[in-house]
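Trainee: Model the full assembly from the supplied sequences, consistent with the hints where possible.
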Amino acid sequence: MNADALRGHLDALLLSVLEHEPRHGYAIIEALRDRSGGVLDLPTGTIYPALRRLERAGFLASEWATVGGRRRRTYRLTGAGRAELAGERSAWTSFTSVIGSVLNPSR
1 MNADALRGHL DALLLSVLEH EPRHGYAIIE ALRDRSGGVL DLPTGTIYPA LRRLERAGFL
61 ASEWATVGGR RRRTYRLTGA GRAELAGERS AWTSFTSVIG SVLNPSR
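Take 1 as the starting number for the sequence shown in the UniProt record's numbering and just add one per residue.
It is possible that part of the hints are untrue.
Derived CB-CB ranges, DEER-like [as the list claims (entries may be wrong)]:
1) R89 <-> A65: 19 to 29 Å
2) G100 <-> R76: 10 to 20 Å
3) G8 <-> R70: 24 to 34 Å
4) T46 <-> S90: 34 to 44 Å
5) R76 <-> P105: 41 to 51 Å
6) Y48 <-> N104: 10 to 20 Å
It is worth saying that the hints were derived from the structure and are not from the lab. Cβ coordinates follow ideal geometry from the N, Cα and C atoms, glycine included.
Mentor: Structure below.
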């Protein structure tokens with residue numbers, strides 16, 4: 001998928017994969033890949049800076065945990081993150097509705 005197509009949507013995608021359980025960075029990448037049928041195979045250089053930005057914004061919290069015998073930073077949604085995800089979903093629904101009405105006008 002074209003990286004430009006994701007511009008402005010990465011935050012919502014990351015918040016969404018963290019909605020139900022905390023995950024470490026590689027598990028987040030795997031979840032995006034799995035949910036998208038392999039289309040979203042994003043590099044760590046894209047994911048980790050976005051996770052740090054979301055954490056600084058207060059939408060994520062992180063802590064170190066041992067996963068599979070390895071120490072990894074695990075991320076989880078905060079209350080503000082859940083509210084942000086709800087807003088992103090609403091904005092996405094409105095956006096796709098408007099674009100859909102232009103691309104597929106009723107006759």
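Trainee: None of the hints should be skipped; say for each whether it holds.
Mentor: For each hint, the structure was consulted:
| no. | hint | result |
| --- | --- | --- |
| 1 | R89 <-> A65: 19 to 29 Å | holds (28 Å) |
| 2 | G100 <-> R76: 10 to 20 Å | violated (33 Å) |
| 3 | G8 <-> R70: 24 to 34 Å | holds (33 Å) |
| 4 | T46 <-> S90: 34 to 44 Å | violated (25 Å) |
| 5 | R76 <-> P105: 41 to 51 Å | holds (43 Å) |
| 6 | Y48 <-> N104: 10 to 20 Å | violated (37 Å) |
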